[in-house]
Structure formats: C-alpha cells, structure tokens
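J.: Protein chains in written order, with our numbering: chain V, 1147 to 1488; chain U, 1147 to 1488; chain W, 1147 to 1488; chain A, 1147 to 1488.
No wet-lab data here; the hints were simulated from the structure. It should be emphasised that the depicted structure is a prediction, and the values quoted were computed from it without experimental measurement. Just to be clear, a hint being listed does not mean it is correct.
Heads up, incomplete: computed chain V residues facing chain W, CB under 10 Å, no partners named [unchecked claim]:
{"id": "1", "residue": "Asn1413"}
{"id": "2", "residue": "Glu1480"}
{"id": "3", "residue": "Asn1483"}
Residues from chain U shown here face chain W by an in silico Cβ test under 8 Å; the list is partial [as the list claims (entries may be wrong)]:
{"id": "4", "residue": "Asn1293"}
{"id": "5", "residue": "Ile1363"}
{"id": "6", "residue": "Leu1366"}
{"id": "7", "residue": "Gln1396"}
{"id": "8", "residue": "Ser1400"}
Which stretches of chain A does chain U cover? Using the computed rule of at least three CB atoms under 8 Å from a CB of chain U, they are [said to hold, decoys possible]:
{"id": "9", "region": "1283-1289"}
{"id": "10", "region": "1408-1418"}
{"id": "11", "region": "1424-1434"}
Even for Gly, the Cβ is constructed at its ideal location relative to N, Cα and C.
Protein chains: 4
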Amino acid sequence: MLNIGIIGVGRIGRVHAESISRLVPEAKIKAIADPLINDDIKKWANSIGIFEIYDDYNKILMDKSIDAVLICSSTDTHSQISLDAIAKKKHVFCEKPIDHDVNKINKVIDALRDSKIKYQVGFNRRFDHNFQAVEDATRNGLIGALNILKITSRDPAPPPISYIKVSGGIFLDMTIHDFDMVRFISKAEPVAVFATGAANVSSEIGMAGDIDTAAVIITLDNGCTAIIDNCRQTTYGYDQRIEAFGSLGQISISNDTNSTAVISNSNGIIGEKPKYFFLDRYTEAYISEIKAFITSIVNDTPVLVNVLDGLKPVLMGIAAQTSLIEKRIVTIKEIENKYYLR
Amino acid sequence: MLNIGIIGVGRIGRVHAESISRLVPEAKIKAIADPLINDDIKKWANSIGIFEIYDDYNKILMDKSIDAVLICSSTDTHSQISLDAIAKKKHVFCEKPIDHDVNKINKVIDALRDSKIKYQVGFNRRFDHNFQAVEDATRNGLIGALNILKITSRDPAPPPISYIKVSGGIFLDMTIHDFDMVRFISKAEPVAVFATGAANVSSEIGMAGDIDTAAVIITLDNGCTAIIDNCRQTTYGYDQRIEAFGSLGQISISNDTNSTAVISNSNGIIGEKPKYFFLDRYTEAYISEIKAFITSIVNDTPVLVNVLDGLKPVLMGIAAQTSLIEKRIVTIKEIENKYYLR
Amino acid sequence: MLNIGIIGVGRIGRVHAESISRLVPEAKIKAIADPLINDDIKKWANSIGIFEIYDDYNKILMDKSIDAVLICSSTDTHSQISLDAIAKKKHVFCEKPIDHDVNKINKVIDALRDSKIKYQVGFNRRFDHNFQAVEDATRNGLIGALNILKITSRDPAPPPISYIKVSGGIFLDMTIHDFDMVRFISKAEPVAVFATGAANVSSEIGMAGDIDTAAVIITLDNGCTAIIDNCRQTTYGYDQRIEAFGSLGQISISNDTNSTAVISNSNGIIGEKPKYFFLDRYTEAYISEIKAFITSIVNDTPVLVNVLDGLKPVLMGIAAQTSLIEKRIVTIKEIENKYYLR
Amino acid sequence: MLNIGIIGVGRIGRVHAESISRLVPEAKIKAIADPLINDDIKKWANSIGIFEIYDDYNKILMDKSIDAVLICSSTDTHSQISLDAIAKKKHVFCEKPIDHDVNKINKVIDALRDSKIKYQVGFNRRFDHNFQAVEDATRNGLIGALNILKITSRDPAPPPISYIKVSGGIFLDMTIHDFDMVRFISKAEPVAVFATGAANVSSEIGMAGDIDTAAVIITLDNGCTAIIDNCRQTTYGYDQRIEAFGSLGQISISNDTNSTAVISNSNGIIGEKPKYFFLDRYTEAYISEIKAFITSIVNDTPVLVNVLDGLKPVLMGIAAQTSLIEKRIVTIKEIENKYYLR
C-alpha cells in the first residue's frame, strides 16, 4: 500500500484525491496540504477518509511514510516543490506545465538525474480513450508512415482575464497540450515552428498581450507536418479532435457526447454537442493517469510521461510565441541553444 | 434508334420524357398522348423535340414505327392500356401498380404469355443507388444469410384527401414500394403478413377509411423476417431507410441529403434533412429505370422488373389490408387462392 | 448510513457490490450470501471490505441492522427470497425478472400491498444515458405525440444452450428488457402483441424449443405502435438502438463505442464496433440504478422501477410467446384474465 | 440560342461539350478545335451533334456566328488563346489556371479592361453543392465572423511524373483550387502566406523539384486564418473537406460517397470511401459552372468567377512556393510588387 500526499487541493487536486480514494486500492491518501485550507476542504477531505490536513506542504515531505506526492498547486510553485520533493526522495506526479521557465525545468531535470524517483507530468490527454486510439493505430502501423497530423483544440469559453494574464500565453497554457499530443502520436521531435493568431474572440485578451485564436505548423524530424488550431471560445462546447494521415490511411477522432441521441425535426438532423467541461471530457483520463503513476511506482516501471516530456512542449510553446511575435519560422534548436541545452 | 410513345404526361410522364430526350441517345420520343392535353403541355413537348401530341393513346398504338410505350396515366387505366399495347406488339413500361385488382393484373399476365414483349413495371427504387448497395451486398454474400430486413418509408406530407380516397389504401399506394423492396433484397417470396396501423396523423384520412401510420411484419420463405414501418407525414422530410441484417453482418442505408454540411452551434451538431421530394430523392433512379428498359429492348434481355414483380406486391398489399381489418395473420396463399392463382 | 446485504454474488451481484463499495458513500455492504461461497469469493469480498459471508441468505434477513437486500440469485429463487425479505421488512432490489410465473409475481405484489417497503426491479436500461435521452426527449414533448417506437436489441453471441433451456424463452429472457423500454419510453400500456421468429442462428436453440431471432409488434393504449427486433447473435457486437418517431420529429440513438476513432483506408471508412459486452455497455447504468435505489430509501421517495413495472413485461413476454406458438395476435387482457388479474 | 466553340477537347473539354449538348438548351456547340483531332474525336463529336471540327482554333474565332468559346487546351496556351478570343469579341470560359506567369495573366486583364466580354475562369469547386453550402452559411451569417477556415484537399493518386514536371508545382496545380476556396468562402483577401511540405509520397516527385504533401497557413485581411493541407495520394480516395469556424458556430462538410451504405461486421462499422475520381466528385459542379457562364451571357450579368479571381490564386501559389523555398512568411504585396501590380 502506497501512501500519497497531495499538495494543492484546488479543482484538479480534488479530482485526483477522489480518483485515488475510490478507484486505486493500492494507494491511500495519507495527507493533503494547501495554503488556503478551510472548513469546506476539511469536511470534503474527511468525507473521503483524509484526516491529515496541512497548510504547509513541507509537513508532507517530512513524513517518511509518504511515498509519493501529487503537485497540484499553482504553476509558479511546481518547480520548487518538485525540487523539494525530489530532495526528500518522494515520487512526484506534477501537474502540467512544470514551469514556463526552461531554466527551472532544467533544475528539476538535473535533480532527477541518476535518481530512482518516478516523476510523471500531468499530460492527461495521453490517457484519453480517443487520443489513445489514434496513438495506438499510428504506433501499430495501421496508417503507415505518418504524413500530416492535424489537431483541433478549442475551449468552450475563455478563462477570466486575470487567469489569462498569468497563464504564460495561449501557447504555454492551452496549445501545450497539443504540442504534447504531437509528440505522443508522432513519436517524433519538433524541428521548427510557425505560429500565427489573433485576438478575435476578446479584445480584452488582446489588450492583455495574448491571443485567443491560433494556428501552428510544426515540422517534425520524421518528415511529418503537424497542424494545430486553437480557439478560446466556441458556441458548441469543448472541441477536441485529431486527424492522423499516413501512407496507408487516416485515423480521426471526433468529440465525445453525453449520448448518441440524434433528433430529426424541421430544424435538421441534430446530434448532441460535445461534452462541455474539460473535467467531464477527460474524467476517465484523469483516473487513468493517476492509476498509471501508481502502477509505475508499484511495478518499478518507467512513467508514461517523463520530465523530458514535460520540457519539450514548453520549448515548442516558446518557439511558437517567438514565431508569433517575430513573424518568422523558429527552430527548436534555436530555443534550446538559448537555454544552453544539449 | 427506338421510337417511344408516352401515354400520360402528368408529373411522372414528363420526368421520363425529359430523361429520354436528354440522356438516352438510343431512343427518341416520337409521340405523347394525354386526354388533358393543353397549350402548356404542347409548349413543353415542343421544347424537348416532341411534335406528335395526341389526346387519344390509340393514335400511338396504331403508329407502327413506335416500338415501345410508357404508361404513365392514372392507375385505373394501366391494365387496359397494357392490354391494348400488348395487342399492338408494343413493349411496355408501366408505372406501378399495374392495378389494384388482381384479376386485371392476371389478364395482363395472360396476354404476355409466350409473347416476346418486354413489360417492365415502374418500381423505381430498385434502381436507387442506396437500395442497390443493399441488394448488391446482400446478393454477394457480404452479410451472409439474411435474417431480419427492416424498411422505414415515410412521406414528408400526406397527399390530398381526394388522392387518398382513390389510392387503394396505404398498403397498395405507399407500402407497395416496400413490399417490392422486400422481394428485391431478400430474393425470397412472402409467406404470411401481419399488419397494423392507425390514422394518427390525420383524422380525415381515418374518416376516409384509410390509415396513415403502418407497421407490417412479413415472414419469407427463406426464414427471414421483414419489418416495414410507414407514415404519411414527418417533420424532417422524406425518410427512406433500410437495414438488412444477416449471419455475417448488417448493411444499412440512411437518407440522402443535398449536401454533407454539418453546422455546430449552441443548438447542437446539425446535419441536413433528407431530400424532401420523391422526385429529388429518386432523380437518378428514374433515369436508370428508363435506361434499363431501353437497354432490355435493344439487347433483347429480360426486363429487371417484370410483370410478376408487379403482381406480388399487390398480393402483399391485399394481405396487409386484410390483416389490418381482420386483426389476424394472413398468408399470401390465401390471397392467391382467392384469385384462383397457381 | 444504510446497511446492505447482497444475496447471490455471481457476476451481477459482484458488479453491484463494487458499485456500492466504491461509489455510494451513503451505503455499506454489511453481508453477502451465496450457496456456492468459496475462497475466491471470500478473498474478493474482503478486498472491498465485506467480512460477513454466508451460504444461507436467511442469515442476512435475520440481521436487524440490515436495511435493504439486493437479490442477485438465480431467477427461480427471486420470488421466494422477495417474500422472505418483505416479511423481514427489508427494502428489496430484485434483479429482473421477478419470476417467469405471473402467480409468483402476484404473491410478491400482494405482500408489498400497504407496506412501506421499497421494491425496485433491476431493469438497468432505464438508467442508461442513451435510453434516458430518448425517454427525456419524448416525455418533454420534443418529438410530439409518439407514433412509432422501434427497438433493436441484439446480443453479440448466444448464451450456452444449458442457459437457454432454463431461460424461459427469448421473450422472457431477452425481449423482456425491450418490453420494459416500450413502457418506459411510451408511458403507455400494451394492448396486443404479435410475435414471430425463428431459430436462424442456432439449430440447437431450435431443438431446445426456443428461437434466436424475433420480431414483435405491440399496439399501445395511446395509439402508438412499438416494433422490436431481436437476435441472439451478431458479428459486430452488442446492438442496442431505439428510434422514437412522433408528430414533431424523431429521436434515435445508436450504439456506444470505446472511442470515436474512424479509420479511412482502402477498405472503407471504418468506425469502431459497439461495445461488445453488456457489462461494458451498461456500466454506468448499473451504478445509477443502485444509486437510485439507495436514494429512494434514504429520501423515502418512490422507486423508479416498481413491482408492477416488473410484472408488465412478463405479461408481454407471455403474450409474445403465445402469439409465436399460436400464430395470432394476443391481447394483454387475455393473459391477465388467465391469471385472474384485475 | 448561343453558339459555342470549344478549343481543346481532351477530358475536360469533352465533359463541358456533353453538359452543354444535353443540359443547356440555350446553347449549341457549333464547332470544336483541337490540334490532335482524330477519328475517335470526330465520332464522339458527331454523336452529340457537333459537325464542325477543326485542328486550328482560329477557325472558331473567325466564325462570326460563334458567341463564346471554352478554352480547354493545355495551360501554356490559355493566355494566348484568351487574348486572341478577346480580340475577336468572343466571350470566354477559360479553364484554370489562366497561366502560371502573372505577366501573361496581366495581359489578359488589360485586354478585358473596358470590354463587355464575359470572361469566366474554371474554378469548378465554387459550383459544388458542398462548398456552396459552406459559402452560403458563411455569407448568411450562420457562423458569425469567420475565424478559422480549414481546407483538406487530397488526391487519390499522383499524376504521372511527366505531368508533375510541367504542372507548375503543387501550389499552382493543386492548392490553387484551395486558394480559390479561401477567397470564395472568406470573402477576404490574403495578406501573407506560410507554406511547408515534403515529397513523402514519391521520391520521384521530390527529384522533379516538387513536393507531394503541403501545409499552408494564410492570414487574411479580415483577421481570419486559413489552413490548407494537401497530399497527392491517399488510400481511401479523393478527400475534399472544409471547416469554417466562426464566432457563432462552425460549418463543416465531409466527402461525398456513392451511397450512404454502412456495413457492420467483425471488421467494424464500415462506410463507403469518398468518390474516387474528380470528374465523379464534381460532375454536377462542372455542369453548373457552364450553365452559370451561359446564363451570365444570356442575362448580361457578371460572371461568378472573373479574371481577377483567376489571378489571385496564382499570386497565392507563387507566395506559397516562395515561402516553401525560402522558409519564411511571404506577403502577397511582395509578390504583387514584383509584378508591378497596383
């Protein structure tokens, strides 16, 4: 039985806590920590059998009976907590992104070098049934050599402007998932990035120096071209689709819906809109990623999303941001060189 | 070059005339006849190169240069004109049904016996791309032994009550196409029929002694069960679907639409309604059936829908009507015996 | 906190046990009973926190701390255990069907009369997201007055012949779910039934006196016609579809799949087959029905599938069986009269 | 009655000839010209009523009774024949592209200035039912302000390498249709182009200096971003899809198929592949564009695809080609300036 500590019990921390307490018999949540702990959180924690509740995450790190921590706090704290947890020999599940600053990610990479610590990054979409179907078909050669990979990822509604301002920009906040998907499905590394976009949805987002609509082309080292389009707002819900086109065929996925119901009437033949909320869309994926993390510790197998998988999409995001601003193609090598990588 | 005469130039007669004049180079429409000939018809006929225009169809039958006639007049005249045309050795394309009265159909069958006359019945759906895909897959063994055959056939709106009154009832007017489809796809003959229904759409139809909604189960001599449902009215258009389920799989067709466009918005994911009007839905089928008729004459090959194919659905319709009224299963044998068949 | 006892821990009993232990915090499984208890079952039970394990279900009924029982034993024991449980004032969740014998169901109905016992029948499909979408749309008037209700329900593979022999026949074993769906969606009661079918899949099933393929038409007291087709075997998985057609439109559902993936290659445009296994297809429904049962006890609200809902489909099944054998339409009244009902 | 001459009766010239002779009663093909005239062509021409057959197109231009010509010869002859025809006051339908050389197109533009000649360019996809559904919905505000426009256009198989070598490159040969679609649907003008691609399908194409797979991003002057992906080869047929995403929703089209048949078996749920051949896919569009041309002459209305619509996609193609080679974003202004436009 693994003992788990959860650092940060906002929305996503609680999702993971409930997954573990209900569905992962091999693990037990021994403690949680959150600087904003209150009676509601305590009540919720007790209801799922958690009774050690701290406002200082070091209490968790100092508990020698705790094997692993989940870092679900705000992004700006991820790298420091990661370093602290690694120092205390805890296995780490860290929500994405590790950081927006490549140097800080590099410190985590350095700290992990030669350790036996499992460090998994929270790219939940790798555990989604639809995306896995694409990855599986591609890996197993069903579509032959991958040629064009198209990803559409659009949110139902933009986050508050206060969030936008600290988000690191659309590429590091939203597209980062798609950058990860590009690597996950293609099994290739990015060579160069071209990005464009606009604040078409919200002028407020534009005034905050960000965009809400983006198109990105990425050339990969296997000759494949990846195309991403994003938008912060749709009228029809959360739009998450992929097409992988190869020499032997194409695999594509469409959105999940709450039912397969189709109504035919004088307005048309009307199917359900996609699941609206990302927690509904990725419910099973959140459970699966946590199960996979626990399994990799229990069985001492490599994690399925390692720290380098956490780094690469950040490099791609920085390249995209640079491309957008400087209106030119940007190579990943250029970004890497900037941070003295390799 | 075949010379054709068309008897009856209402809606469907004109459709056939235009198909031949534009798309069948092996045939020429030499003359048309219609008791209600007027200036508009003359103008239309001239515009497609028809200049012999009569009010008496015997003028056509007496023209020795005419090889074949299309009987597109009202149903009650079909059998007599058929007999007259056969007497004059004309090949005949007769719109469905040959008659509602089995005895009259039998006379046509008798007249054709030992003749070399091509006699094709206008079951246009046998020439539809979708229904042909089902027939083709079934005939070629793609679904194995047929087990359940389901046909949905619903009109967008009921015809005028005046039409209903002379229609012969829903089974002889509307379901008759589906009865033909059952035989076309199953390659089996009906054994027994159970039918039920109601006037749920229009009380006026009910008062006219007819129903507007029907469900029919037919057992076939190959052990397959056919299920038909009909309605005289939908809110979403002309609904024409088939599912053929067999030991190796199922083939199903959905409706045709004017485009593949799908709109996603706050109301849902909205596809186009089916093509609304039967002439739009079956445009190509009407052309193909006429081409097939011409081809069978030119090449001296059997017609694809012969006079017995015209009889059988009428027997099924009478069986269904009897089943509805007497609330019991009715065998085709019983109906045949009534008319001293076989 | 409700205490629950589970009587019968075969496949479905264990599904319910796991649902309650993981996902229903208001309830605790205090004990299980099964005549075939063994070490594997004990180990499994312990692993989810169940430590009272009996081979005699009376041990559960005599435990005054137990509030409710789930009857998941073989069908032939359902009615007697129901009577015993009711005598001990336990709330009852009884797997479907209560019995094949109407007289035995009537005894349960009598025992429940004037009691405050919650008695829910395990028609799990009422809790399925797809079927609920149909029921919801129909109840809320989205399709207007229901006119034709079509249900396709086909199993991926037939059960062992040993099961077939004690199953009560296809109508009481398989179609019974569809009979329930007819009532659930139409909110109407059956008037008359016509059924036909054959042993087309397996001659062994035929020799056992059963059929494996069935078609049923049911007329309802609101003028609607329901059409059911069943088969014990498909090549493509578990086929569970409904179409509800009304005066304002139609709502239809298609099958659930494991992903939305579509592969396009030289063989066609290929989507996933339906979920194959009923426990996969109805995973959520099994959870929801148990949650609903617990909720109705906790809140003292009526159960959503009561004992009469358990009776009616059995009457429909007997009517269908009679129709098949006697090749005639059978009214529900006739079946009811036979059992001196009403 | 308009008299038409057709210059060039290869595949597409014959398609137009048959459309006019069968389906455009307002026009008559008086003559055809082709340097490679032979007995087969003569026989075919006679069969549809064409008896004036020349090897020199000037014979057509000198015939004063001829009102309009269709230029269906090889691309390198389009601009000169256009100039000659304009000089003889013929209305012109010119297959796309007018030329690969902007200077030559400019000469045609100059020749047309202040004339009353109708000059239509053969961008047939503007007349396709699916693309028109997208354009129609977009123009009518159904999707609000256009934000992202995605076009997938892939051929079933590459043309012969001999064709590739004179094609002008993928952007001027294949993507040019998509460039036209971008303008047709967005009603906006391109500002800048980024293109990338590779010879992934055929190394022979690569050795010929061309690519077979391309991805293009175009920024438009209304703030919309267009994304095009192309490939010279698929295993599943001719892939022609569009998604237009706007502030109020999205409209998307999928491919046309020969039937709506779906087969369900142990391999999956299998729909038909897209129509394979461009002449099958765009049969109706080819008819409609010719009808539109005739109509614009008869009614003296503007043509629906004018000479500037012929120029712009060539500029976009040159920009894309430049972007690919120089690995940078290229503005349309830069290309225009190069040719002293504006």
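J.: Are the hints correct? Go through all of them and say.
T.: Against the structure, the hints:
1. Asn1413: 9 Å, holds
2. Glu1480: Since chain W brings no Cβ nearer than about 36 Å to Glu1480 of chain V, farther than 10 Å, the hint is violated.
3. Asn1483: 39 Å, violated
4. Asn1293: Because about 5 Å separates Asn1293 of chain U from the closest Cβ in chain W, which is inside the 8 Å limit, the hint holds.
5. Ile1363: OK, holds: Ile1363 of chain U within 8 Å of chain W, min 5 Å.
6. Leu1366: 10 Å, violated
7. Gln1396: 7 Å, holds
8. Ser1400: Violated: closest Cβ of chain W sits about 10 Å from Ser1400 of chain U, beyond 8 Å.
9. 1283-1289: holds (count 3)
10. 1408-1418: The restraint on the region 1408-1418 of chain A holds, since 6 of its residues have a Cβ under 8 Å from chain U and three suffice.
11. 1424-1434: violated (count 0)
Checked against the numbered hints above, the structure violates hints 2, 3, 6, 8 and 11; every other hint is satisfied.
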